[in-house]
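> Residue numbers (numbering that gives the first Met the number 0), protein chains in the order written: chain A, 0 to 194; chain B, 0 to 366.
Check each hint, because a few of them may be wrong.
Each computed EDC-like pair below joins lysine to aspartate or glutamate, with the alpha-carbon atoms no more than 16 Å apart [what the hints assert, rightly or not]:
| id | chain 1 | residue 1 | chain 2 | residue 2 |
| --- | --- | --- | --- | --- |
| 1 | B | Lys-351 | A | Glu-34 |
| 2 | A | Lys-157 | A | Asp-1 |
| 3 | B | Lys-151 | B | Glu-265 |
| 4 | B | Lys-217 | B | Asp-140 |
| 5 | B | Lys-114 | A | Glu-93 |
| 6 | B | Lys-130 | B | Glu-221 |
| 7 | B | Lys-331 | B | Glu-221 |
| 8 | B | Lys-27 | A | Glu-36 |
| 9 | B | Lys-175 | B | Asp-140 |
Restraint-style ranges between C-beta atoms, simulated for each label pair [unchecked claim]:
| id | chain 1 | residue 1 | chain 2 | residue 2 | range |
| --- | --- | --- | --- | --- | --- |
| 10 | A | Gln-168 | B | Ala-102 | 50 to 60 Å |
| 11 | B | Ser-30 | A | Val-112 | 18 to 28 Å |
| 12 | A | Ala-170 | B | Ser-15 | 46 to 56 Å |
| 13 | B | Ala-102 | A | Val-35 | 56 to 66 Å |
Keep in mind that the hints were calculated from the coordinates and are not lab data.
Just so it is clear, CB atoms sit at the ideal spot from N, CA and C, and this is done for glycine as well.
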Amino acid sequence: MDISAFVLFWAAIFTSNILLTNFLGMCSFLSVSREVESSAGLGIAVIFVLTATAGLNWLVYHYVLVPFGIMYLQFIVFIIVIAAFVQLLELVVERYAPALYYSLGIFLPLITVNCAIFGVSLFLVIRDYNFLQSIAFGAGSGIGWLLAILMLAGIRAKLKEKLVPAGLQGAGISLIITGIMALAFIGFSGIVQIQ
Amino acid sequence: MLLTILKDIGILTAISALLGILLVIAQKWLSNYGECKVQINGKRDVTVKGGSSLLNSLADKQIFIPSACGGRGSCGACKCQVREGGGPLLPTERPLLSKSEMATNVRLACQVKVKSDIAIQIPDAIFNIRKYKTSISEIVDYTYDIKGVTFKLQEGETIDFLAGQYVQINTKPYGKVRQSVSRAYSISSRPEDRDQFQLIVRLVPEGICTTWVHQFLKVGDEVEVTGPYGDFFIRDTDADIIFVAGGSGKAPIKSMLEHMKVTGCERKMTYFFGARTLKDLYLTEEMRSFEQIFPSFKYEPVLSHPAPDDVWNGKTGFVMPYFKDAVRDPLKTEAYLCGSPGMINAVTKSLKELGVPADKIYFDSFG
Numbered sequence: 000m001d002i003s004a005f006v007l008f009w010a011a012i013f014t015s016n017i018l019l020t021n022f023l024g025m026c027s028f029l030s031v032s033r034e035v036e037s038s039a040g041l042g043i044a045v046i047f048v049l050t051a052t053a054g055l056n057w058l059v060y061h062y063v064l065v066p067f068g069i070m071y072l073q074f075i076v077f078i079i080v081i082a083a084f085v086q087l088l089e090l091v092v093e094r095y096a097p098a099l100y101y102s103l104g105i106f107l108p109l110i111t112v113n114c115a116i117f118g119v120s121l122f123l124v125i126r127d128y129n130f131l132q133s134i135a136f137g138a139g140s141g142i143g144w145l146l147a148i149l150m151l152a153g154i155r156a157k158l159k160e161k162l163v164p165a166g167l168q169g170a171g172i173s174l175i176i177t178g179i180m181a182l183a184f185i186g187f188s189g190i191v192q193i194q
Numbered sequence: 000m001l002l003t004i005l006k007d008i009g010i011l012t013a014i015s016a017l018l019g020i021l022l023v024i025a026q027k028w029l030s031n032y033g034e035c036k037v038q039i040n041g042k043r044d045v046t047v048k049g050g051s052s053l054l055n056s057l058a059d060k061q062i063f064i065p066s067a068c069g070g071r072g073s074c075g076a077c078k079c080q081v082r083e084g085g086g087p088l089l090p091t092e093r094p095l096l097s098k099s100e101m102a103t104n105v106r107l108a109c110q111v112k113v114k115s116d117i118a119i120q121i122p123d124a125i126f127n128i129r130k131y132k133t134s135i136s137e138i139v140d141y142t143y144d145i146k147g148v149t150f151k152l153q154e155g156e157t158i159d160f161l162a163g164q165y166v167q168i169n170t171k172p173y174g175k176v177r178q179s180v181s182r183a184y185s186i187s188s189r190p191e192d193r194d195q196f197q198l199i200v201r202l203v204p205e206g207i208c209t210t211w212v213h214q215f216l217k218v219g220d221e222v223e224v225t226g227p228y229g230d231f232f233i234r235d236t237d238a239d240i241i242f243v244a245g246g247s248g249k250a251p252i253k254s255m256l257e258h259m260k261v262t263g264c265e266r267k268m269t270y271f272f273g274a275r276t277l278k279d280l281y282l283t284e285e286m287r288s289f290e291q292i293f294p295s296f297k298y299e300p301v302l303s304h305p306a307p308d309d310v311w312n313g314k315t316g317f318v319m320p321y322f323k324d325a326v327r328d329p330l331k332t333e334a335y336l337c338g339s340p341g342m343i344n345a346v347t348k349s350l351k352e353l354g355v356p357a358d359k360i361y362f363d364s365f366g
């Protein structure tokens with residue numbers, strides 16, 4: 000695919016936001032967005048993991064799976080790579096940033112099953128990105144995810160003082176807000192199209 | 000075809016194995032904190048392997064900090080002062096620490112990980128805490144839901160405890176309960192019997208440990224016990240004493256009274272025992288016998304909800320209204336309470352209203 004990594008980076012944040020356009024990574028998006036602080040922590044962890052696993056999985060795909068002709072195993076292999084990387088990251092964070100480790104708590108291991116991460120790895124294969132494009136797409140998607148969760152956390156903080164109909168409280172109203180945010184992001188879509 | 004399948008499986012396995020090995024190496028390297036020195040009370044040093052919690056590291060060295068929940072960070076019993084090297088206060092500790100505790104570096108030993116040399120302050124009495132292998136020598140039914148269980152130490156072993164202290168018993172898996180839990184019970188026998196001790200256990204519906212004791216434990220069974228713990232013991236003054244207990248809260252006070260039977264006691268003592276109905280009362284004869292031994296001791300059982308067919312002409316209702324008559328001089332009165340948190344709160348409030356100083360109210364809560 001002939002598109003500059005720079006454009007891809009910005010496109011992944013705005014026009015093809017992994018969360019608001021593809022609706023990937025919803026579970027942690029909905030459950031962690033209660034507080035701006037923890038959303039920011041998780042968002043930063045997601046950026047880091049996304050960028051790194053996009054690069055790693057590109058390498059694994061092109062230098063292991065393709066030569067051996069086992070591309071059909073990409074689902075399993077990508078998940079294993081992501082899981083191992085998150086484990087490693089957990090060890091590093093625990094050792095060198097214990098405060099962050101405890102504030103992320105259970106969410107750090109939960110990144111393993113964040114579908115945004117897995118989705119990005121699959122997209123970069125389907126869309127045939129090169130290594131640089133993959134890294135840019137991964138980083139952009141991560142930042143886009145952070146942006147989306149920060150916005151939702153901010154809105155939910157304001158929403159605490161508002162009266163929400165009983166049936167819509169919690170996940171219901173969050174999904175409606177996410178939908179409206181997604182509508183707003185459609186406004187960007189005319190700028191560039193990557194999918 | 001078969002070869003392809005085998006090859007693919009082989010590659011997949013190789014990738015997983017490679018990543019697994021990488022993780023193991025990383026873990027060895029990253030989680031290896033080497034040998035760490037734990038300095039206790041500025042005088043005693045123990046060297047432990049870094050990486051595990053302070054509670055477990057010390058337990059490996061036969062130093063047992065009390066812990067009622069087994070290190071899950073929910074009971075707060077393992078508080079200790081960490082003077083150096085404890086790392087930042089963790090969110091898991093905050094709910095169980097008061098402001099003044101946070102300011103003086105009090106931490107939960109089960110949450111603090113030993114990652115570097117560390118200096119801590121613990122009461123000297125903790126050094127007296129040991130792990131004992133015991134066997135059950137007697138089980139008696141006191142009421143329909145309260146049993147007295149006697150634990151005999153191994154030949155030649157002795158336990159030194161103060162009347163009123165408690166031990167923790169470690170249950171074994173039984174029935175559907177797969178894990179072993181550790182629960183605290185006050186010793187009800189006198190400290191003079193050093194080769195055995197008795198606990199009073201009331202059956203709590205759905206309670207893991209109490210169900211085990213009531214339905215599975217038999218005479219002759221071996222049980223692991225650690226102790227003694229706690230600062231609930233009689234202060235050596237000449238102030239009047241008010242004891243208040245409910246249910247199995249009778250245990251530590253029984254121990255105190257039996258101990259005083261040996262040492263003698265001239266203090267004025269009133270013992271209020273709260274129960275629901277007549278069939279919840281137990282050891283009444285024994286308590287009455289103390290009234291003969293100590294000239295100034297009075298046992299006052301109070302029934303909160305006497306059953307219609309209970310033959311009862313003693314005190315009824317809550318215990319609190321009866322304190323008035325027992326308190327001669329509130330400033331020269333000590334109170335020793337043992338029971339549920341609700342009972343202790345209510346009793347403490349009522350005693351304070353009568354003028355008993357808060358620091359003279361000692362309690363052991365079942366919380």
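> Identify every previously stated hint that the structure contradicts and give their numbers, smallest first.
1, 2, 3, 7, 8, 9, 10, 12 and 13
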